[in-house]
Each structure stands twice: as C-alpha cells, then as structure tokens.
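Residue numbers (the working numbering): 202 to 275.
Think of the hints as simulated: they come from the structure by calculation, not from any bench. Predicted model, so just to flag it, every value in this text is computed and none were measured.
Each pair of labels, with its calculated beta carbon distance range:
| id | residue 1 | residue 2 | range |
| --- | --- | --- | --- |
| 1 | T243 | A211 | 11 to 21 Å |
| 2 | N237 | R261 | 34 to 44 Å |
| 3 | A232 | R258 | 38 to 48 Å |
| 4 | R260 | G213 | 45 to 55 Å |
| 5 | Q235 | R207 | 21 to 31 Å |
| 6 | Q225 | D248 | 19 to 29 Å |
| 7 | M202 | H253 | 14 to 24 Å |
| 8 | I205 | N252 | 16 to 26 Å |
| 9 | R258 | R207 | 29 to 39 Å |
Note that CB positions come from ideal geometry on N, CA and C, so glycine has one too.
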Amino acid sequence: MAVIGRVLEAQGFRVGMLAQPDWQSAEPFTALGQPNLFFGVTAGNMDSMINHYTADRKRRNDDAYTPVTSRETP
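With the hints as constraints, model all of the structure from the sequences given.
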C-alpha cells in the first residue's frame, strides 16, 4: 500500500493512510471522507501469526508494531 500511495502522490493525488486503525469503530475510516478512486486494505508488514514467535520459535512477549493497549494476552 505504501508504494501505491507514493505513486499516486507523485501523480498529484491526495492519499490518506490509516496505520492499524480501530477496526471495531467506523470513526477512523470516515475521518478521511469518501475516496475518489478506491479504498485499499492490506495485511501489513508482517503476518500476525509469524509475529507471535521469535526466530528461536519462542513466544514473543511484546509486539513492536502494535500499541500495548490493543494487544490481547492469550
């Protein structure tokens, strides 16, 4: 999504991106207004299941990409 956003910006389009919005609320999505071209959704920089474990296959204690308040403990 970031590459597509940069290409559209270079062509003169306005681009809005929401990094990890509260998906249970419509407010973050409506704050940007109605899109002229499209509304894109992507999985992100790392798969959530892979992010649960370290390279040593140990369960992670923290998530560098998610705020502490939104992470649920298993």
